[in-house]
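We have chain L; now place chain A onto it with these hints.
Residue numbers (my numbering), protein chains in the order written: chain L, 1 to 179; chain A, 180 to 489.
Just so you know, these hints were derived from the structure itself, not from any lab.
Just so you know, these numbers come straight off a predicted model, no measurement behind them.
Don't take each hint at face value.
The list that follows gives simulated cross-link-like pairs (lysine-lysine, DSSO-like), each with its CA atoms no further than 30 Å apart [unchecked claim]:
1) A:Lys217 x L:Lys126
2) L:Lys87 x A:Lys184
3) L:Lys87 x A:Lys334
4) A:Lys359 x A:Lys329
5) L:Lys87 x A:Lys327
6) A:Lys421 x A:Lys383
7) L:Lys150 x L:Lys29
8) A:Lys209 x A:Lys329
9) L:Lys87 x A:Lys383
10) L:Lys87 x A:Lys225
11) A:Lys359 x A:Lys184
12) A:Lys383 x A:Lys332
13) L:Lys126 x A:Lys209
14) L:Lys87 x A:Lys247
15) L:Lys87 x A:Lys209
16) A:Lys359 x L:Lys87
17) A:Lys218 x L:Lys126
Pair ranges (Cβ atoms, derived) [claimed, not checked]:
18) A:Leu464 x L:Pro153: 41 to 47 Å
19) L:Phe92 x A:Gly331: 39 to 45 Å
20) A:Asn387 x L:Arg124: 57 to 63 Å
21) L:Arg124 x A:Lys434: 43 to 49 Å
22) A:Asp271 x L:Phe92: 50 to 56 Å
Computed far set for chain A versus chain L, every beta-carbon distance over 10 Å [to be verified]:
23) Ser261
24) Asp271
25) Leu279
26) Arg299
27) Thr380
28) Arg393
29) Ser461
Just so you know, even glycine gets a beta-carbon here, dropped at the ideal spot from N, CA and C.
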Amino acid sequence: MKEKAKILDPEGIHRAIMRIAHEIIEKNKGSVGLCVVGIRNRGVYIAQRIAACIKQIEGIDVSTGALDITLYRDDLALATGQPLVRKTEIDFDINDKNLVLVDDVLYTGRTIRAALDALIDFGRPKSIQLAVLVDRGHRELPIRADFVGKNIPTSKKESVEVYLQESDGRDEVLIAEKE
Amino acid sequence: MFWTKKDLLGLEYLTPEEIELILDTVESFKEVSTREIKKVPALRGKTTVNLFYEPSTRTRVSFEVAAKRLSADVINIATETSSVKKGETLIDTGKNIQALKADIIIMRHNCSGAANMLARALDISVVNAGDGWHEHPTQALLDIFTLKEKLGKIKGLNVAIVGDIAHSRVARSNIWGLTKLGASVTLCAPEMLLPVEIEKTGVKITSNIEEALRNADAVNVLRMQFERDEGAAFPQQLDYYKKFGITEERLAKAKKDIVVMHPGPINRGIEMSSEVADGSNSVILEQVTNGIAVRMAVLFLVSQAREAKQ
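Pulled out of the complex, with its shape left as it was, chain L reads as follows (with noise of 0.2 Å):
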């Protein structure tokens, strides 16, 4: 992987999703009846996040919880690498909730269909909402995120890398390109 271009730095990062906290609460009227559920792994350290802003604007505590979507992959009987399976953990109802999904970058869209059949294994929220830090195109599902935090036009042979303190010890997110 050759790095091509920097995309977002710390401060960038942290507006992105300063901005998504905002525009989830206009959304929504407010933060009641609000939750926050990222996917394994960097959603779930970005859905910390949204909460931390959302509280800072709104004085309020929301609801986090984690999504491992392993199980609901549709390439699992065709996967060649083998995927380390890890733990769900939403420990509070998720019914009649407005729900926010949280992942780090939205490419194909097939990792937001298994985290969509995943929820509703876990109840009927209100609603379903996406949120995104990085959205890059090439869907190959009807799927798009109700909040971006910035949308960059990639090729298929690049990739987007989001490194964020909680996993890689620093925020960043980067265009590589494959060798």
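Here is chain A on its own, set in the frame of chain L:
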């Protein structure tokens, strides 16, 4: 770290890292059974076959529940009513099941090594649900998982295994698994129920139950398999209880938080008293619950390994 084996035959054949990978995967599957909808689509479209040559309720049901919670289709073959009665060999039975395009055979057999033999003959996965006196890997994995959950680690623990070691595949799988993960194991049994040369596996041996319990963090109490007593020397039931039975008086002299396990079914008043079986140190029913997650993890991993290879 990836799972590469198409079969699970015994803990003897696994590395410590592979055992740890299973235990970590179990953690994730445990959550599925706490949901209102206890089902994930991971094995949708796969078929598992329970092929049991020996009577079993809890292991067979546990595997069936595990497979169904993964959305697999489950077929049960009772050998008493099958072509096995007409003299079909094990390999032929296995090849026929493979020809039906099943994906995983879960087998219990009264001959040690039967699962290894079947696995060699077939391309599909074989999971050993107990073979003779050899191994019962998923039982040992659920024992070890339960221990780890209760005590936070396996390395450095003192685990006593009490009872009919000689006839016990549960004991053998536990000895392999526990010693590979760094626990020290003490076996306690009447001399006639200890296999010869077992001390070569690195375990301690005693015939004194108080001594076995003295430093133990956990005690795994095996079932006395009276049905395997084919006229050989077997202790009288009451005599056994007096010398080896786990009672409240004996536990009072052990560590306060000693974990008491039993693979079931319990002979109350022979291996342990009812007070101990139902007491606060007992994790016997938690073992049953954990057994489902362990078997889900095993079925998931062997099915993935097979596909990664293709």
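Here is how each hint holds up against the structure:
Under the criterion of a C-alpha separation no larger than 30 Å, the hint pairing Lys217 (chain A) with Lys126 (chain L) is consistent with the structure, at around 22 Å. Restraint check for Lys87 (chain L) and Lys184 (chain A): the C-alpha separation of about 23 Å stays at or below 30 Å, so the hint holds. Between Lys87 (chain L) and Lys334 (chain A) the CA atoms are separated by roughly 24 Å; this keeps the pair inside 30 Å, and the hint holds. The hinted pair formed by Lys359 (chain A) and Lys329 (chain A) meets the criterion: a straight-line CA distance of about 19 Å does not exceed 30 Å.
Between the alpha carbons of Lys87 (chain L) and Lys327 (chain A) the distance comes to roughly 17 Å, so the proposed pair stays at or under 30 Å and holds. Taking the CA atoms of Lys421 (chain A) and Lys383 (chain A), the gap is near 22 Å; set against the 30 Å cutoff, the hint holds. Taking the CA atoms of Lys150 (chain L) and Lys29 (chain L), the gap is near 23 Å; set against the 30 Å cutoff, the hint holds. The hinted pair formed by Lys209 (chain A) and Lys329 (chain A) meets the criterion: a straight-line CA distance of about 15 Å does not exceed 30 Å.
For a cut-off of 30 Å, the pair hint linking Lys87 (chain L) to Lys383 (chain A) is broken: about 37 Å separates their Cα positions. Using a Cα cut-off of 30 Å, the hinted pair Lys87 (chain L) and Lys225 (chain A) holds, with the two alpha carbons roughly 23 Å apart. Of the pairs offered as hints, the one joining Lys359 (chain A) and Lys184 (chain A) holds, with about 18 Å between alpha carbons and a cut-off of 30 Å not exceeded. The suggested pairing of Lys383 (chain A) with Lys332 (chain A) holds, with an alpha-carbon distance near 21 Å, which does not exceed 30 Å.
The hinted pair formed by Lys126 (chain L) and Lys209 (chain A) meets the criterion: a straight-line CA distance of about 27 Å does not exceed 30 Å. Note on Lys87 (chain L) and Lys247 (chain A): the hinted pairing holds, with a Cα-Cα distance of about 19 Å set against a maximum of 30 Å. Only pairs whose Cα atoms come within 30 Å are accepted, and Lys87 (chain L) paired with Lys209 (chain A) is accepted, the gap being roughly 9 Å. A hinted pair counts as satisfied when its Cα atoms are at most 30 Å apart, and Lys359 (chain A) with Lys87 (chain L) qualifies at roughly 25 Å.
With a CA separation close to 22 Å, the supplied pair Lys218 (chain A) and Lys126 (chain L) stays within the 30 Å bound. The hint said 41 to 47 Å for the Cβ distance between Leu464 (chain A) and Pro153 (chain L), and at roughly 57 Å that hint is violated. Here the CB-CB span from Phe92 (chain L) to Gly331 (chain A) is close to 26 Å, at odds with the stated 39 to 45 Å. For Asn387 (chain A) and Arg124 (chain L), the hinted distance range of 57 to 63 Å is satisfied, since their beta carbons lie about 60 Å from each other.
About 48 Å separates the C-beta atoms of Arg124 (chain L) and Lys434 (chain A), a value consistent with the hinted range of 43 to 49 Å. Between Asp271 (chain A) and Phe92 (chain L) the CB atoms are about 53 Å apart, so this pair conforms to the stated range of 50 to 56 Å. With a least CB separation of 30 Å from chain L, Ser261 (chain A) remains clear of the 10 Å interface cut-off, as annotated. The Cβ of Asp271 (chain A) lies farther than 10 Å from every Cβ of chain L, with a closest approach of about 29 Å, so its non-interface assignment holds.
Consistency note on Leu279 (chain A): stated as away from chain L, and its beta-carbon is indeed over 10 Å from all of that chain's, at 19 Å minimum. Consistency note on Arg299 (chain A): stated as away from chain L, and its beta-carbon is indeed over 10 Å from all of that chain's, at 23 Å minimum. Listed as a non-interface residue, Thr380 (chain A) keeps its Cβ farther than 10 Å from every Cβ of chain L; the least gap is roughly 31 Å. The claim that Arg393 (chain A) is not at the interface with chain L holds, since no C-beta of that chain comes within 10 Å of its own (minimum 37 Å).
Even its closest Cβ contact with chain L, about 26 Å, leaves Ser461 (chain A) beyond 10 Å, as expected for a residue assigned away from the interface.
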